[in-house]
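A.B. asks: The residues making up each chain are set out below.
Number of protein chains: 6
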Amino acid sequence: MKKIITLGEVMLRLSPPGNQRFFQTHSFDVEFGGSEANVGASMAYWGMHVAHLTAFPDNEIGWAASGQLRRNGIDTRFVKLLPGRMGVYYLEQGAMQRSSQVIYDRYDSSFSNFDGKDLNWDEVFEGASWFHWSGITPALSKACAELTLTSLKEARKRGITVSGDLNYRSNLWKFGKEPHEVMPKLMELTNVIIAGTRDFKQCLNEDFKNFTEVKNMAFERFKDLQYIVKTDRISHSSSNNTISAILYGEKKTYSSKSYELTHIVDRVGTGDAFAGGLIYGLLHLKPKEAIEFAMAAGAIKHSVPGDVLLCSLQEINDLASGEAVGKIKR
Amino acid sequence: MKKIITLGEVMLRLSPPGNQRFFQTHSFDVEFGGSEANVGASMAYWGMHVAHLTAFPDNEIGWAASGQLRRNGIDTRFVKLLPGRMGVYYLEQGAMQRSSQVIYDRYDSSFSNFDGKDLNWDEVFEGASWFHWSGITPALSKACAELTLTSLKEARKRGITVSGDLNYRSNLWKFGKEPHEVMPKLMELTNVIIAGTRDFKQCLNEDFKNFTEVKNMAFERFKDLQYIVKTDRISHSSSNNTISAILYGEKKTYSSKSYELTHIVDRVGTGDAFAGGLIYGLLHLKPKEAIEFAMAAGAIKHSVPGDVLLCSLQEINDLASGEAVGKIKR
Amino acid sequence: MKKIITLGEVMLRLSPPGNQRFFQTHSFDVEFGGSEANVGASMAYWGMHVAHLTAFPDNEIGWAASGQLRRNGIDTRFVKLLPGRMGVYYLEQGAMQRSSQVIYDRYDSSFSNFDGKDLNWDEVFEGASWFHWSGITPALSKACAELTLTSLKEARKRGITVSGDLNYRSNLWKFGKEPHEVMPKLMELTNVIIAGTRDFKQCLNEDFKNFTEVKNMAFERFKDLQYIVKTDRISHSSSNNTISAILYGEKKTYSSKSYELTHIVDRVGTGDAFAGGLIYGLLHLKPKEAIEFAMAAGAIKHSVPGDVLLCSLQEINDLASGEAVGKIKR
Amino acid sequence: MKKIITLGEVMLRLSPPGNQRFFQTHSFDVEFGGSEANVGASMAYWGMHVAHLTAFPDNEIGWAASGQLRRNGIDTRFVKLLPGRMGVYYLEQGAMQRSSQVIYDRYDSSFSNFDGKDLNWDEVFEGASWFHWSGITPALSKACAELTLTSLKEARKRGITVSGDLNYRSNLWKFGKEPHEVMPKLMELTNVIIAGTRDFKQCLNEDFKNFTEVKNMAFERFKDLQYIVKTDRISHSSSNNTISAILYGEKKTYSSKSYELTHIVDRVGTGDAFAGGLIYGLLHLKPKEAIEFAMAAGAIKHSVPGDVLLCSLQEINDLASGEAVGKIKR
Amino acid sequence: MKKIITLGEVMLRLSPPGNQRFFQTHSFDVEFGGSEANVGASMAYWGMHVAHLTAFPDNEIGWAASGQLRRNGIDTRFVKLLPGRMGVYYLEQGAMQRSSQVIYDRYDSSFSNFDGKDLNWDEVFEGASWFHWSGITPALSKACAELTLTSLKEARKRGITVSGDLNYRSNLWKFGKEPHEVMPKLMELTNVIIAGTRDFKQCLNEDFKNFTEVKNMAFERFKDLQYIVKTDRISHSSSNNTISAILYGEKKTYSSKSYELTHIVDRVGTGDAFAGGLIYGLLHLKPKEAIEFAMAAGAIKHSVPGDVLLCSLQEINDLASGEAVGKIKR
Amino acid sequence: MKKIITLGEVMLRLSPPGNQRFFQTHSFDVEFGGSEANVGASMAYWGMHVAHLTAFPDNEIGWAASGQLRRNGIDTRFVKLLPGRMGVYYLEQGAMQRSSQVIYDRYDSSFSNFDGKDLNWDEVFEGASWFHWSGITPALSKACAELTLTSLKEARKRGITVSGDLNYRSNLWKFGKEPHEVMPKLMELTNVIIAGTRDFKQCLNEDFKNFTEVKNMAFERFKDLQYIVKTDRISHSSSNNTISAILYGEKKTYSSKSYELTHIVDRVGTGDAFAGGLIYGLLHLKPKEAIEFAMAAGAIKHSVPGDVLLCSLQEINDLASGEAVGKIKR
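Protein chains in written order, with this note's numbering: chain F, 1 to 330; chain W, 1 to 330; chain P, 1 to 330; chain U, 1 to 330; chain C, 1 to 330; chain Y, 1 to 330.
Simulated from the structure, these hints should not be mistaken for lab results.
Since the structure is predicted, the reported quantities are computational estimates derived from the model, not experimental observations.
One should not assume that every hint holds.
No copy is singled out in the list; a pair is fine if it fits within one copy or between any two copies.
Straight-line C-alpha distance at most 25 Å; calculated PhoX-like pairs for lysine-lysine [what the hints assert, rightly or not]: (1) Lys257 / Lys327; (2) Lys201 / Lys327; (3) Lys286 / Lys230; (4) Lys201 / Lys2; (5) Lys251 / Lys288; (6) Lys327 / Lys230; (7) Lys209 / Lys80; (8) Lys223 / Lys185; (9) Lys80 / Lys3; (10) Lys201 / Lys288; (11) Lys157 / Lys3.
Sequences and hints are given; from them, build the entire structure.
C.D. replies: Okay, structure coming up:
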């Protein structure tokens, strides 16, 4: 059983039920989610050993967050309980021509003050095959940026493959550094980068004409880079998207099938499901199969409420291999 | 800030949750709604000053109705609490090929006995720019028909622009008068009429070959008429409609974009959202922009549960201007 | 008023609300359903006298099951309360490319031990026009297989028309007999068979090249056979199917319209709704009208949550005759 | 199996969930209830044959009401579907020092216009042992007052025992008659009267010093009277009551135990549960046992949500006989 | 109609439904509450004109908070929409021997950064009779402490009566000042102080042997003080308390009845309900009646879910005057 | 950190919400529970390392059960996924004089067929301080009886303290052995027995006059017995119990305080909470403190919904030490 380590904040997710707007709701559905833990949970559901590095406030809300990671099969030995507050995000599910809406309230959370100083990296990475991070963590605070860099160095020192989802978000990066002051060092330590043209632009503060230019630059500049992965999404409406993905090796390129997602249940976490599928695929499958598996994982997540892909290997393989879908399985 | 006055009944709306049928439900979702107050609430959400004229029973159900108007930003200074009962409508949401169904239980409600005699019209219309009524009110009772006429006269006396949604409903008009005995006088006092061919036929008890004939007749007969507005809807199923609208000035005609509404959440109140958008548009925009704004407001309402459009100006402008929709706004 | 008798197990149905997966749910919606009682309930809603033969455990869960049959208009005089357990099925509603999933827990239920020895067949069939069974019952246990045979003989002895939905399910038939040891005798006693090629193959343990071969064989072999009925379904996804049906007489064939079911609410019981519509149709209409009525009933069931079609004759006739659908009925 | 006939309106009951107030609720729990049908339902749960006479509007709300009677085991053969509206009552559950509150909206309901002219009394009363009415029905309308009188005459003509719960409510009796113009004739035809001093005062428009005076008057005046039954309730708060009852024969008096009801779940229908228990008791038990059974039935109803006592004979007998209560039954 | 001004933060309140613990919940009931707005809302329900001074973040959560104030009848003209975050408090309802638990997450909220600089005090206090503040506001931040002082000066300058609920909370006061550096100046400007011995000790940083000593000190030191009010509560368990209150004038003392609160629904906001009742009482009643009204208001709040007393004047007067409680009001 | 091993079945628990009866419910709240895992979960919440031995069906229901154990902090390394069905118990919460009711449907579950043959006992008991079993497991099946005996031998072989809750249930023991054929051998291997007189009688098939006789017999007969523990419960009603406990050493006896449990939320699992508290207490405290801690744990569980005590050490210590309870903790 492969062991995977993930690092990142997990927030309390508060959503009005169904299609209600924030203005009219009288209750919130409670979930916990965060990009990197979502990636990990998808793989834990497939039987892999996934340990997540994070911090929660040492109160009942933090305990519940930790319990929910465990429920999803994640090893929480390295979850720290600290003073402070729980990061929160409010999510309103869109429908039709109305967009989904997220209000972040994560500033000054326990995680954003987490420096990981008391983590024993030998214990953390013992037996691990893969480490996954995202561009959200270094954007949160100075402490988090440093923790990300440290964790990458510790991982690579031990020969562990590293994947990173650049995931540039303009409303973060408030702590005094620009992305290009932080990200390039992290990208150098990363073997598999998930990103689009815009992410590369923002993280490197450079301009690119198209993704080919990005790709050429990246394989030249980042010596340990094995793959760049890019997803494409067309949003016909909040309820209906088309998605596909491409896996770029330095020499070869592998394209996935395209999926029509005509009745979207929950778009949040679909990129994380894709990333989980990608890591699983690169660890167990050939590149072409890996990108198909990843895209099927990302596609089917759109049907599952919450942040986390809760689908079995068989369900994903059936979808990837074009097995009849939509029938009742008895 | 423009001030708008609206007049009409607000009912208790009782709906089985989700797609349940009346026969099988064990609870009702509670909303309050009525065509004209819905029109007002959409504009109150955009920051306009909207006061609604209506009456409720003086009990906790009526107080709750009044409270809900306030929550939606409506000025309830002119809401009267009277003896009697609350008007009710039962709404079953359709799906696919199954139609939505409404059972009205509004007979003899407090509003239907409301004659408005103790309204101080100077106070009501002080500072107002617009007055909106619909053909539902005069159809309810003799008292309501007279109140509508009085309110129109009082509005026009003060130079206030008047819009009316003819909204002919065959299951009303039980109090002893035919529509054509009541409606023409009201239409004469109206500057902006929202109606289709069938509404004109029923309200005037005349026949028309097509809408062009209607339009020519109307601008000739109703001297103060500035605009006629007509919406077109194709119901592919309860879940999927196509809509568009046309604004007819005496000389010029303005057509809106057409919207594919492929995953309808709640169709009720979409005409009211359109009317609210129209009034807002005619008060603030050029005619072409106004009809686009109105149609975008009507379209996006299909995604909001309840009777009332709860969407910001920016959301509607984004849709009207073709901004990318369906992405997650963070 | 026609009287119909149905026979079969009714199970407790436990479903996570909305689109939740089993893994994540914290509550189950409770329904009761079973193929043959579903068929009966659809007809009871249309005013027919339907009595169902079944057995429940003599505890509050069994009483509730019986009460729910009564609520749906079914005559429960012949429902037995026995020792034992309630059959259960867990249902997870799929969405998009994710399939719905059923976990059966019906082994050793009160019904599976029900031999019907104390049923008074004269009372059961007094005044009855039709008897309906399905291939699920004889697959459950030796007792149930024998009860099915007995009931068919008793029905045919009294000249009652018999319909059977072969409904082959591979995960049943665990009691020591193969389908072909049991089903042929039952099919001989059946006048209207609902089945596809695969059902015939499994029940007769023979191979057929296509349905024409099936049809020719059947009318030759089963002397009392009046109609074979076959439905065709294309599953684009869990949310979107296309369906149609064909009614084969020995000489003539009648095809229904095809329906696009683009926003499926609940697929379970749609075949039963079709069967209910078929029986109603064959009792009251001409063959072409009957298959159209049946297919409309089956189609509109996809919009109703739960196992049972709760739609009026008028709703189904409107759909079958192409009346405008999807408008709000006030 | 004894057969019981009951007569009366069944209303749609709409309650905010839990302890919410009308002003703050966003949903209503849906139940159906009415005094006499509640009495019948308690007995149907005990296996008696109970048929209820009533009328509902011929729409889905009325169909659901009828279905719910059937679910509760009531024979609905004599339920009529008429034009008109469903009677409604809004119920807010009190707690502690806050009273429960009922808002009636039953005026002009289908039942209030029901004259029962097309009832075939021979069919209705065939095989019946008992007929139960309450003082609510004659208070609703002229039609209902006449229907009550007719039904009583028809029952007594056939030698059927009649019980009546006088149940005086001041907010009814709006149709032009005073209680004393209507009730005495009905009381003369009644063998078992359930009432307190105030009920007798209002129904006879006479004054009584105490219940002894009432009792003496009643047995003298009403020649067919066999029993008067009176319950006593002390309301410490909405959550905590003490109750007991006395059964007065002309010669002998039987007192029940007193019950401390310290955590009331739902007080509505507790008098009806008592009446159901009384009828059952007088049909099957000695007077002392009957009043104990009735009071235990009334007491335990306070623990059951909704209008209807859903408790088995054994549960009630256990309580009446002082069996250990409050343990978990496994 | 008296006009009342209140000042203070309103938070989003998130509670697990029923008796669930934070650790196990999957949804939060959503309310909005804050001590001073709760005081105001109780009076608005009684028909008084109440305007609340506060600030919310300018997003949908803040808009909803403002809408909810309006629903409760509060004039929101002076509510500011600012950048920043919504203050949150998580509330777990206790039961029996388990305490209720509150987790505050209000640091750095929009309100805590609100300095009120752009309030027009002439507009705010026009026509006002009373101003109410609490010791929570000056404890939040330097800006809030200054705003409180300013508002008190502005109120007293205009001859408006001022009440203050000292409400000392040890987990606030984090901004660098001790209570005794801030509170005495505010108390000097207050006419009616609600507080117990501990509040006085903490706010003045002095020691007192008993409340008599407190009282004597207070009337001597605070020249404009008219009343001190103290409530006494015995917590038998989370579900069962006994409460009473005393109103101390300089010369005379008035004690309220004591209430047994044996089935508590929601304890939060009961002190605010008491304060609302007190202000109403002092404005409309004699002192003895005022303290009885206030205590009845505080007592009955324990039966209402949410932060706010939603009870009519009549309900409170009935309770205060010993009217029968706990009966069903029809 | 002490390590505890527990063994036993965990069932799916299905309960109607609130106080609803089985007959009337339309949904079930979903929990997972079983006596021994409940014991373990209480200790896991206090930070102890608890591993549970059990088996679930290898389907999504079983996966969810396992996930829920993890959420509650239990180490699930030794949970087996097998063919078969999930054991179920239906729970109806009583209220007032109405008893709670449990319907078991656990026959032939995956656990009942679990023989534990592939457990590596060295791994299971590595580092463990305590092993806990109950009399439910050997009552389920021959396989389970043998597994219990094996586990006890393996535990004692390694010097691990063993506690057993005799927990005699008459509706189990259906597999062909009487309790006295199985239990004595298990009791001999147990150091701490939790049981009352009736349990001893049934398990030994002997008669005892009183508990003193039981105690004397037990310490004489079972050489390794260190403590017998007995709880006493008086059920005033389903909502109100009084409980206390006694810890009997061979020489000394320790009695706990008695608790009035006046507003019971959920009685299920309270004995398990007590047992968890007892094990914790005997591992960390003196005997008198241990029995007080255990009884406080058992008492406070009555306030927590579900099978499992989710209360912190501090909450239990506060209760045991008489700290003020029922106040809001902020």
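A.B. asks: A separate judgement is required for each hint: does it hold in the structure or not?
C.D. replies: Hint by hint, here is what the structure shows:
1. In the homo-oligomer, the alpha carbons of Lys257 and Lys327 lie at most 25 Å apart both inside one protomer (21 Å) and across protomers (22 Å), since each shortest distance falls under that limit.
2. For the identical chains of this complex, Lys201 and Lys327 are inter-copy neighbours only, at 20 Å across copies versus 43 Å inside a copy, given an alpha-carbon limit of 25 Å.
3. Taking the shortest Cα distances, Lys286 and Lys230 sit within 25 Å of each other inside one copy (17 Å), while across copies they are farther apart (43 Å).
4. Taking the closest pair of Cα atoms, Lys201 and Lys2 never come within 25 Å of each other, the shortest separation being 34 Å inside a single copy and 45 Å across copies.
5. Taking the shortest alpha-carbon separations for Lys251 and Lys288, only the intra-copy value of 13 Å comes in at or below 25 Å, while the best inter-copy value is 53 Å.
6. In this assembly of identical chains, Lys327 and Lys230 lie within 25 Å of each other by CA distance solely across copies; the values are 17 Å between and 31 Å within a copy.
7. For a Cα distance limit of 25 Å, the shortest separation of Lys209 from Lys80 qualifies neither inside one copy, at 43 Å, nor across copies, at 45 Å.
8. In the homo-oligomer, the alpha carbons of Lys223 and Lys185 lie at most 25 Å apart inside one protomer (12 Å), although the nearest pairing across protomers, at 67 Å, exceeds that limit.
9. Taking the shortest alpha-carbon separations for Lys80 and Lys3, both the intra-copy value of 20 Å and the inter-copy value of 21 Å come in at or below 25 Å.
10. Taking identical chains as interchangeable, the C-alpha atoms of Lys201 and Lys288 are never at most 25 Å apart, the minima being 27 Å within one chain and 39 Å between chains.
11. In this assembly of identical chains, Lys157 and Lys3 lie within 25 Å of each other by CA distance solely inside one copy; the values are 17 Å within and 34 Å between copies.
When held up to the earlier numbered hints, the structure conflicts with 4, 7 and 10 and fits the remainder.
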